[in-house]
Structure formats: C-alpha cells, structure tokens
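Peer 1: Chains as they are written, first to last, in numbering that gives the first Met the number 0: chain A, 0 to 481; chain B, 0 to 124; chain C, 0 to 93; chain D, 0 to 225.
The set of hints was computed from the structure by calculation and includes no laboratory data.
Be aware that a few hints might be false.
Said to hold, decoys possible - DSSO-like mimics (lysine-lysine), calculated; alpha carbons at most 27 Å apart, straight line:
#, chain 1, residue 1, chain 2, residue 2
1, A, LYS109, D, LYS108
2, D, LYS222, D, LYS108
3, D, LYS152, D, LYS50
4, A, LYS207, A, LYS109
5, A, LYS109, A, LYS452
6, A, LYS158, A, LYS402
7, D, LYS158, A, LYS109
8, D, LYS108, A, LYS158
9, D, LYS152, D, LYS108
As the list claims (entries may be wrong) - For each label pair, taking beta carbons as the anchor points, the in silico distance ranges come out as:
#, chain 1, residue 1, chain 2, residue 2, range
10, C, LYS25, A, PHE376, 53 to 61 Å
11, A, GLY408, D, LEU178, 54 to 62 Å
12, D, VAL28, A, PHE228, 42 to 50 Å
13, D, GLN128, B, GLU98, 51 to 59 Å
14, B, LEU3, A, ALA197, 46 to 54 Å
15, D, ILE161, A, GLY357, 36 to 44 Å
16, D, LEU48, A, GLY408, 40 to 48 Å
17, A, GLU69, D, TYR120, 34 to 42 Å
18, A, ALA197, D, ASN47, 22 to 30 Å
19, D, TYR120, A, GLU198, 28 to 36 Å
20, B, ILE95, A, GLY357, 53 to 61 Å
21, A, TRP472, D, LEU178, 28 to 36 Å
22, D, ILE31, B, ILE95, 26 to 34 Å
23, D, GLN128, A, PRO267, 16 to 24 Å
As the list claims (entries may be wrong) - Chain A stretches covered by chain B per the calculated footprint, using a threshold of three residues with CB under 8 Å from any CB of chain B:
#, region
24, 134-141
25, 146-152
26, 303-314
27, 426-436
Every residue gets a Cβ at the ideal spot worked out from N, C-alpha and C, and that includes glycine.
Chain residues, written in single-letter form:
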Amino acid sequence: MPPTFYVISTPLLLVLPLFTAILCFVVPSISIKRYISIFVAVILVIICILQASYVLDSAEPLHVIVGGWEPPLGIKLVVNGFGSIMLLMTSIIGLAITFYSIHYFESNDKESRFWPLWWFLITGLLGVFVSSDIFNTYIMLELLGLASVSLIAIQGTQKALQASYQYLLVGLLGSLLYLLGVAIIYRTYGVLDNELLAELAQNNLSTKLALAFITLGMMMKCALFPLHFWLPEAHSNASAPVSAMLSALVIKAAFFILFTFWFEILTPVVTMSAVTLMGFLGACAVIYGSYRAFTAPRLKLLVAYSTVAQIGYLFLAFPLMIDTPELARTAIIYFIVAHGCAKAAMFLSAGSIQKAAGHDRLAELKGIVIHLPVSIFIFAVASASLIGLPPSGGFIAKWLLLKNAVQSGQWWWVVTLFIGGLLASAYLFRVLNLTFTSVDQAPILSGTYSEKKLLGAAVLAIITILIGLNAIWLTSMIGSSA
Amino acid sequence: MIMLTQSILFSICAAILLAIGLMGFLLTSDFLRKLLALNVIGMAIFMVLIAAASADPNAIDPIPHAMVLTGIVVAAAGTALGLNLASKIARFARSIQNENSTQQNKTVGSEKVRSEKHTPDGKGK
Amino acid sequence: MTGNLWIDILLCLCVLFIAASIFLVKNTFSAIVLFISLGLVVTFCWIRLNAIDVAIAEAAIGSGLTGAMLVAAWRKLSSDNSKNQHRKDKEKSE
Amino acid sequence: MQTYWLVNQRAINILIIGLVSVLTVLLIVAFIEQPVHDNALRTLALDNLEKTGVSNPVTAVLLNYRAYDTYMEFAVFLCVAVAVVPYVLDVQVSAQKPSSESQVLSIAKVFVPLSIIMGGYLLWIGSSQPGGAFQASSLLAGCLVLLSLANVKTIDFSKVRIRLLLSSGLLAFVAVIILSFFQTRGFIILQPTFAGALILFVEFFATFAISVTLFLCFESIHKGHL
C-alpha cells in the first residue's frame, strides 16, 4: 500500500486545476488570475515530480479507486510509467507556457478569457493520462476538444474562427467515433475498465470494428497523414501559447489513447498487417508533412506542418511494437518527450518573433536575428532536436527508433527516418538561413518588444538538451516502468 | 433465420442511422447541416447503447442510460459552442461585406485591382 | 411477431426516413424542423426501450433546447443571407 | 482544371459512400452475430443500491457509482459556458422593453410558474424515479428561454454572482469531494448514511448551474453576434 500522499496525489491533479479554472473565471482581477495560475502550475509540477519518482522507482502503477466502487461498477484511476511521464511533461510544459502567457497577451479581454480555458485544457490533459476507464476517457476527450476549440477562437480573427470551427467539427466527429467504439465494446463485453477489458478481449468482428472506429477517431484527433487537413490551419492561427500546447500535448493525448487501445486493451485484435498499415501512414506523414513545411510561406505554418511530420515518426514505431515491444515503447515515450519540449519551445519563440515583427511571413524575416537573438537561439536549439542532431533529445529518440528497426529486421523504416531527417534539416535551415543572412537589410521593428517572457521557452530548450545528455538514465527509467 | 428481437431491431436501425449521419456529415458542405449530422451520429450511438441495455426486457441495465444522459448533455454543449462560432463567423463575413460595399461605393470609377488590394489591409488592421 | 414489434419497426422506419430527409431537403430551415421532429420520434424510441430518464432529457435538451438554439442561429445566418441577397439584387438592378 | 476537380470530387464522394456502406454492413453483421454481454453489471448495480442513498438506479450510477464522470461532465459544461459568456457581453444593451401585449409574455406568464414547480418536482423525484438534475434544469432553462423571447431581461451575465451561479454545480461537487475526503480518506467515497443528502446537495446546485448554462448557450446565439 503506497503512502497517503501518493494516494491523494492523483485526485489532487484532477481537483486542483479545475478549482483554479473556476477561480480564474470568477475572480475579476487579471493580476490575481496570473498569480494563482503560476502558483498552481508550480504545485502541479511538484506533485508530478514526486508521483513520477514514486511510480518509476517502485515500478508498479498507482491505483485509485474512485467512490470506493471496484472497477466493473466504478471507475479506477491508474498512473503507470507511461502515464506518469506524460503527466510530468504536461505539468512542466504547462508551467513554462504559463510563464510565457503572463507577458504574452496585449489585451486584458483576451487574457481574462484565456486563463479559465487554459486550466480546463490542463485538466483535460491530466484526466486523459490518469483515466483507466474507456467512457471516462471520452468525457476527457470532449473537455480537451472543446477547451482547445475555445482557446483557438479567443484569437478572434476570421481565420482563427474558421479554423476553430473546422477543428470543432473534426474534434466532435473524432470523439463520436471513439464513443461508437466504446458503445460496441460495452455491448460486447459489458465492462468499461481498461484492465478488465484487456482480460476479456477476444478476436471477433465486434472488437475489430470497435478498434477500427476508435483508431479512425483518434487518427483524426492526432492528425495522422490523410486526416491531417485541419491541423495546419488550427495550429498556425491560434495564439502562441495555445499553439504550443496543442502541438506539444493535445495531439499526444489522442496518441496516448490510441497506443493504450492497440497495445494494452485490445491486443488480441492487433495484427501485423494492421500495424504495418499504421507505419506506412506514418511514413507518408513524415514525407508529406516535411515537404509542405519546406514550401510553407509563413513561420507558424511551417512549424505546424512540422508537427504533421513528427507525428508520423510515432506511428513508425507501431510495426516495431510486435517484435520488440520494450524497445519500441521506450523509443515512443522518448520521442514524445523530446518532440513535446522542442515543439513547445519552437512555437513560443515563433510567437515572440511574430509579435515583434507584427507578422510571420518568412520572406520578410531576413536578418531578424540582430533584433531577437534569444528567440532565434531557442528556435535553433529546438530545430536541432527536431532534426535529430547529436546532443539533443531528438537525436536519442531517432537513434532508439533506428536501433529498434534494425533489431526487429524491418530496415526499410530506416530509409524513412533518414529522408525525414534530411527534409527536416532542409526546412529548418531554411528558416535559420533567412534570419541570419543580410543582417544589414533587417526590417526595422515597430513598437516595443522584450524577450523576457521567453524564460519558459528557454527552460524547455535546455530540457531538450538535458534529456539528450542524460539519455542512459532516462531510457533505463522508462524501460523499468514498462 | 435469426429471431428479430426489439434490441436487434433497434441496433440495426442505429447502424443505418449512423450511416445516414456519416454520409450527411461527409457529403454536405452546409456547415449548419454538418452540425446536425454530428447530432444524428450521436443519436445513432445512443441508440446502440440503449438497445444493448434492453437486450433483456425484464432486466434493464442502468449504466448505458447514465452514459447516454451524459452524452446528450455533452452533445448539446458542443452544438452550442459550434453555433456560436458559426454565428461569429457569419458576423465577420457580414462586416467585411459591408466594408467592401462601402469601399466600392467610395472608389467608383477607380480601377478594380486597387479596391481589391485595399480590402486585405483593412482586414489586417 | 407480436404487435409490439410492428410498432417498433414502424418507429425505426420513421426515424430513418426523417433522418435521411434532413440531408435531402434543400431548405436549411426545413432541415432544422426535421431535426427537431427526429428528436421527438427518437424520444418515443427511448420510451419503447424503457429508458424514461433518457427520454425526458432527449425531449428537453436534445430536441427542445438544441432546437431553439438551432432556430436562433438560423435566424442570425439567414438574416445575413437575405440582406446579402437583397443587396446583390440591388446591385444587379443598378 | 475545373472539370478535373469535379471528377476528383465525385470520386471522393463515391469512395465515401462505399466506405460508409461497407462499415455499416459489417456493423449490422456484428450486431446480429455478437450476443449482448451477460448483464452482470446490472445485477451488481442493483445489489449495492441501498448503499448509494438513492433508489433510482440511473441516478445512482450518475452520482455515486460513476460520480467522477458526472464531475468531469460539469467541467465540460462550465468550459462551454466560459467560452460563450463573452459573446453575450459583446452586445450593447439596447433599450428593449418588454411589450406587455406580447403573446409570448402571456404564454410565459402561464408556463413559468408551472415549469418551476415541475422542475422542483423532477429534482426531488429524481432520487427514486425517472428525473433528476438534468431534466429539472432543462425545464428551468426552458422558462428562461421563454422569458428571453418575451424580451424580459432576466440575467445580466456581466455580474460576478452570475459567474458564481454558473460554476456552482462544480463548486458543490468540489465541496463534496473535500468533505468526503475528510470523512472517508478517499476520492468521492460517500458514506451510505450521508450519501442521499450529499447527492441532493450536488443536484440542487447543479440544477441551477446547468439551467443557467443552457440558457446562456441559447441567449448567446439569440441576442449575441449583432
């Protein structure tokens, strides 16, 4: 039986952010909203660090039985190794972006709308990662989806509103398809708990259909290749903190659910051809996303297309899960952490560039490095991680994937990895090249701007390097949890 | 031939209703109707659940009923948000159109290209 | 085949017919009216399936309030359209 | 170019129709082939009904067995309310006088007291028979909608106390979670002796919160976006 603190920690993660959301909604003063947000974000990080160290040390998941009703009747919350790392990442990126957002908004109206929705978004994320009940996950998905849509709509421009409406339609359809899968599963097995379901699951037509619907829905939500059409618009038109959160974490939440269903709950249904199909779609996503990023005319659009490409890598690991599950799992977790931190840092620095320059059209950003050295530096560090250059987390993640592919004898995925890396370096060096060349022609920036708010982004950039340097420690920690 | 019970009948009805909703969502371009289609898909899923709950008419399972109640309320919330966004977009389109028409009235006689160039700037500010 | 089952079959056909016509009618307002009536017929289905709680919620929220919201939104959108139409007609006549 | 696009679009439409039809046929086959589960959960739910504090099984599932789901559902609702409030506040308050002759107002005069009584009854009866917070709140929301249609200004959403009212359902739930933690040291574990009272407490506030939220959803579309 774990000590009391660890038992309370999970409910605290679900009550505290929600209570903060209510406070941020009711309290009229903006400065109080900011103080409360920073305070709670710090507390969440502390809770998540303690919880993750406990879970990863004891190598057994934390269980909380809600309402005192054991699973088939009630709901159980489970924090396993994967979940605890996701929680830790959510809280740290959340804190970094909270710091950034305090200085970001120029209008009080937008900021006062931002804070409560921001806390609803964090609640949704934390809820998805602790939930061990398929119907509860649906509610969390809805909370996540509706909060993201409203956060994009805050921006208030026509493009942002159209993007958020499209995102709403896609998100609702995705979660309804998920709910259909849940309905079929409940009809077949009569339970909703993940672990009980994993014991009961059989290979029959109903289960196959349920997995197909859930996969379709989650593919929509995490923008895997043929269903990615909504992502570039939504992520490039939102405000910088929101884009960062959407790209770094919200998409990963959908991936987390998909991964849980494929490899933990409905495993009897998963066949080699199915995972190969997912891997193929991932490969297409890597190439197509990188190509579109290379031709993107705007900085944030480029970063958004890069997310489409990077999501592909996660699915490349699917075919490797059959033969070498341990290694592939570690690679996936590593990749999620590395990409999350790098992409959040990248969107935040892109946001500050956009703010300072008043636009983000790439052609007109020549030589901007003399005005914004810190932003460009953070962008460059994040780029190194996305390309997979040696000291960064991205390098280790790709190296793990590569090793894994060779070990399981599916070397053809290595080709995609190389092409993806090359394309990523092409589109990211295009940005860096532009910003460093013709410094004498640098545009004169109007208005005041400061790079103080980039503290959070800088921390994230440092983390991407740190997880690259401490790779052995981290991989062994992840490996022990699985 | 299988026995056609009430539960199976409604399950089949739900599957066809789902097909109608999905096709409606994917084939229409009218965005209000897309929202209606999502609601129809929701109804179909609720029907699957409730038909499963009444498989044995003498022992109705309350858990799907609770799930559907939750689902109905969440669907209404999503629809409300969608309709608000749609109205806001429509308002934008209206104000831009007004701007266009006033600008066109002002620049009677000037080249068409110029007035087209003006509008994006006006939007940006 | 008992008589009750025939009622159910009739109800199902009714549901499917109304649902299909939502997407086949031209006018958006008719589609909304059809959607509200679909909600009411589905309420009957819930009653037939012994789900009284759900039936009350469906009638009140799923059909009633969602319907009111849809009609309100339609009024907002169609007033734009009719104004635009009006303006276009004016421009044409000019 | 134009014709190419049209052909392409038609091909996509045919693909969509084909895919959806195949999925539907498979789904129907699965529904016919696969028997429904053995209904063990229902027996379990009914066996424990005495410990939940309510006798309507659906209410028991919503507010005791799976109370956590309902807690998060209130969060979804409040989230939408938070997102929608600015659209109501956007509009300048125009001088709309309630026209006393309006037919809507006379309808409202009859219906409002009736549905308030009906709503209270549904809320109360929810613990033992079909009914409860959602049903009661939709009736109350219906009242507010009627009043709004009759141009009676009922709620000013800029007030802080209305924001408190919107979040009262969730706040009541948080209060119950904290209270029950001190009692039972667990997450939303309700002791059988207090369960009935606590559930009624949550439902009471939730009724107001949900009805105002539903009304807000209507009002924002009806009066907003001018």
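Peer 1: With reference to the structure, classify each hint as holding or not holding.
Peer 2: How the hints compare with the structure:
Proposed proximity of A/LYS109 and D/LYS108 is contradicted: the alpha carbons are some 39 Å apart, above 27 Å. Taking the CA atoms of D/LYS222 and D/LYS108, the gap is about 21 Å. The hint holds against a cut of 27 Å. Using a Cα cut-off of 27 Å, the hinted pair D/LYS152 and D/LYS50 is violated, with the two alpha carbons roughly 44 Å apart. Restraint check for A/LYS207 and A/LYS109: the C-alpha separation of about 45 Å exceeds 27 Å, so the hint is violated.
Annotation: proposed proximity of A/LYS109 to A/LYS452 holds, straight-line Cα distance about 17 Å (limit 27 Å). Our distance criterion of 27 Å between C-alpha atoms is broken by A/LYS158 and A/LYS402, whose separation comes to about 43 Å. Under the criterion of a C-alpha separation no larger than 27 Å, the hint pairing D/LYS158 with A/LYS109 is consistent with the structure, at around 18 Å. Of the pairs offered as hints, the one joining D/LYS108 and A/LYS158 is violated, with about 44 Å between alpha carbons and a cut-off of 27 Å exceeded.
Proposed proximity of D/LYS152 and D/LYS108 is supported: the alpha carbons are some 14 Å apart, at most 27 Å. For the pair C/LYS25 and A/PHE376, the beta carbons lie near 58 Å from each other, so the given range of 53 to 61 Å is met. Between A/GLY408 and D/LEU178 the beta carbons are some 58 Å apart, a value that agrees with the proposed interval 54 to 62 Å. Restraint check, D/VAL28 to A/PHE228: a C-beta distance of roughly 31 Å breaks the suggested window 42 to 50 Å.
About 57 Å separates the C-beta atoms of D/GLN128 and B/GLU98, a value consistent with the hinted range of 51 to 59 Å. Against the hinted window of 46 to 54 Å, the Cβ-Cβ separation of B/LEU3 and A/ALA197 comes to about 34 Å, which falls outside the hint. The given range of 36 to 44 Å is respected by D/ILE161 and A/GLY357, whose C-beta atoms sit roughly 38 Å from each other. Between D/LEU48 and A/GLY408 the Cβ separation comes to about 56 Å, which falls outside the hinted range of 40 to 48 Å.
The hinted window of 34 to 42 Å between A/GLU69 and D/TYR120 holds, with their beta carbons roughly 35 Å apart. A hinted range of 22 to 30 Å for the beta carbons of A/ALA197 and D/ASN47 is consistent with their spacing of about 24 Å. Evaluation of the 28 to 36 Å hint for D/TYR120 and A/GLU198 yields a failure: the beta carbon distance comes to about 44 Å. In this structure the supplied range 53 to 61 Å is violated for B/ILE95 paired with A/GLY357, their Cβ-Cβ distance being about 21 Å.
At roughly 43 Å, the beta carbons of A/TRP472 and D/LEU178 sit outside the given window of 28 to 36 Å. Remark: the range hint 26 to 34 Å for D/ILE31 to B/ILE95 is contradicted by a beta-carbon distance near 53 Å. At roughly 42 Å, the beta-carbon separation of D/GLN128 and A/PRO267 lies outside the given 16 to 24 Å, and the hint is violated. Closer than 8 Å: that is the beta-carbon criterion, and the region 134-141 of chain A has 3 residues meeting it against chain B, so the requirement of 3 holds.
By the rule of at least three residues with a Cβ nearer than 8 Å to a Cβ of chain B, the coverage given for the region 146-152 of chain A holds, with 3 such residues. By the rule of at least three residues with a Cβ nearer than 8 Å to a Cβ of chain B, the coverage given for the region 303-314 of chain A is violated, with 0 such residues. For a cut-off of 8 Å, the count of residues in the region 426-436 of chain A with a CB near a CB of chain B stands at 0, and the three-residue condition is violated.
Hint compliance for this structure: hints 1, 3, 4, 6, 8, 12, 14, 16, 19, 20, 21, 22, 23, 26 and 27 are not met, and every other hint is.
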